[in-house]
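As a plain string of letters, each chain reads:
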Amino acid sequence: MKEFAPLLHGYWYLFRGAGMTLLMAATAVVPATLGGVLLALLQMFGNRFARSAVVAYLFVIRGIPLLVLLTFTYYLLPLTGIDLPPFWGVVVVLACYYAAFMSEVFRAGMLSLPRAQWDAARSLGMTRRLMLQIVIFPQALRLASPPFVSLCVSLVKATSLVSIVGLWELTMASREIVERTLAPFQIFLGAAAIYFCICYTLALYGKHLERRVLGGH
Amino acid sequence: MENTLSDASSAAIDIVPAQQRVMLEMSGVSKRFGALEVLRDVSLSVQTGEVVVVIGPSGSGKTTLLRCINLLEDYERGIVSVDGEPVGYRLDARNQRVRLAERDIAAAREKIGIVFQSFNLFPHMTVLQNIVAAPVRVRGIPRARAEARARELLAMVGLSDKVAEHPVRLSGGQQQRVAIARALAMDPKIMLFDEVTSALDPELVGEVLAAMQQLARDGMTMVVVTHEMSFARDIADRIVFMDDGVIVEQGKPDQLLFSPRTERVRAFLRRYNDRYRI
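Going down the list, the protein sequences come from chains H and Z. Take 590 as the starting number for the first sequence in our numbering and just add one per residue. Take 988 as the starting number for the second sequence in our numbering and just add one per residue.
Just so you know, the hints here were simulated from the structure itself, not pulled from any lab data. Predicted, not measured: the structure shown is a model, and the values here were computed from it. Check each hint, because a few of them may be wrong.
[Stated by the list, open to error] Computed footprint of chain Z on chain H, listed as stretches where at least three residues anywhere in the stretch have a Cβ under 8 Å from a Cβ of chain Z:
id	stretch
1	708-718
2	727-739
[Unchecked claim] Looking from chain Z toward chain H, a few residues come up when the C-beta cut is under 10 Å (computed):
id	residue
3	R1054
4	L1059
5	I1066
6	L1087
7	R1090
8	I1092
9	A1094
10	R1096
11	L1108
12	P1122
13	R1124
14	A1166
[Unchecked claim] For each label pair, taking beta carbons as the anchor points, the in silico distance ranges come out as:
id	chain 1	residue 1	chain 2	residue 2	range
15	Z	R1084	H	F648	34 to 40 Å
16	H	F726	Z	S1147	27 to 33 Å
17	Z	F1245	H	L702	28 to 34 Å
18	Z	L1023	H	Y789	52 to 58 Å
19	H	E799	Z	D1091	39 to 45 Å
20	Z	D1028	H	V649	45 to 51 Å
21	Z	V1085	H	F726	28 to 34 Å
22	Z	R1130	H	S641	38 to 44 Å
23	H	L702	Z	A1151	51 to 57 Å
24	Z	D1091	H	R651	38 to 44 Å
25	Z	G1238	H	L623	28 to 34 Å
Every residue gets a Cβ at the ideal spot worked out from N, C-alpha and C, and that includes glycine.
Using the sequences and the hints, build the whole thing.
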């Protein structure tokens, strides 16, 4: 038990780091989701220019590792004269990165609805906006919710990368304690347990949604 | 003398009675899927209150014809109008086709009810929500009034007890009757039925046909695509036979079914009778 003393002393610091991790993930997930819906709609209903732009964006984003994107932005932003606090800089990068993946999840949800649903809505005189609002989205979001939750889990874990660009969160907090205590195994075991608890809770929720989706069909 | 005058004036009025107004006019509609010509220069006129049944072999273009009426299927040539208003395209001063704005197309579709082979109810809504969604959100009818009308329609199709159910808990026949009620809730001028009994178990077909018969008796203008020949004979004012994307023959039910003029219709009916022995 004595070996775990550094963890017992540092647990509060780790929890504060976990709070920051959660705050960052929760802040990024909102614009990522909205951006994902917007990109999916543009790709499905935009004019040719908008569709090409979205496809190009997805192609680029999916081909670059998040860590490279974070580091690149970290060095690029000061050069452009944009003075963004590091927290918001990271949130923007995470949101842009995950919006690309979320758009595919939402698009798949919409495309997986039978064409007959679109026909039925159109035949009742619904405009495209109304059709999306009351017929397509409610069903597509339900279908998309399990993979959406998986992406949220992935986003939470991805926040650990931001410690590389100097932002303080759970992984950074762990490294700081390790530097003081020289007990990397115990501290990172604690950090891993916290990450696991957050992600496992989300995954359980995803499973619950999946059961609801499967039960409804 | 007075009698004669009065007879003459009533005859004059009867020359164009209300029932004889054209409700649906399709002229020169052509549609292709890639290299395949599905409709070739099809023209069809349906009077107000008339029930037209479209029959023909699979792949003859019946369903496409129906879907072109409310522009669920786009077509390359021709014009469709319902109740005197264009549905998808209008002709400009130089007789060129001009596509209507999306909003105008949506408005035109409100007048055309369609019931599909596979019901196409919205699975995330209850029966009542399925029926009131469009009247409330598209036509702006107050919810209470739309719900009262929906309950009337459900009573008409014999489903008053299913108001709060979700479609997944209904049988095929029940779902199809809800779909009929949903289309009627928009107070359409014309109803289109696309093989509405083809996906049903044989014992559920009767309940759907009965609802349609009731509608025809109430004077609804209907275009019905079906394989149910005896039903066609009972309900139709006119039967249209399609093959290979064209209307081959049309006429009164007894004339077309028992003394067809074309060999193509005779052959079709022979094959049909051999198979079903009706």
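- Query: Hints broken by the structure, by number, lowest first?
  - Reply: Checked against the structure, the hints that fail are numbers 5, 6, 17, 23 and 25, while the rest are satisfied.
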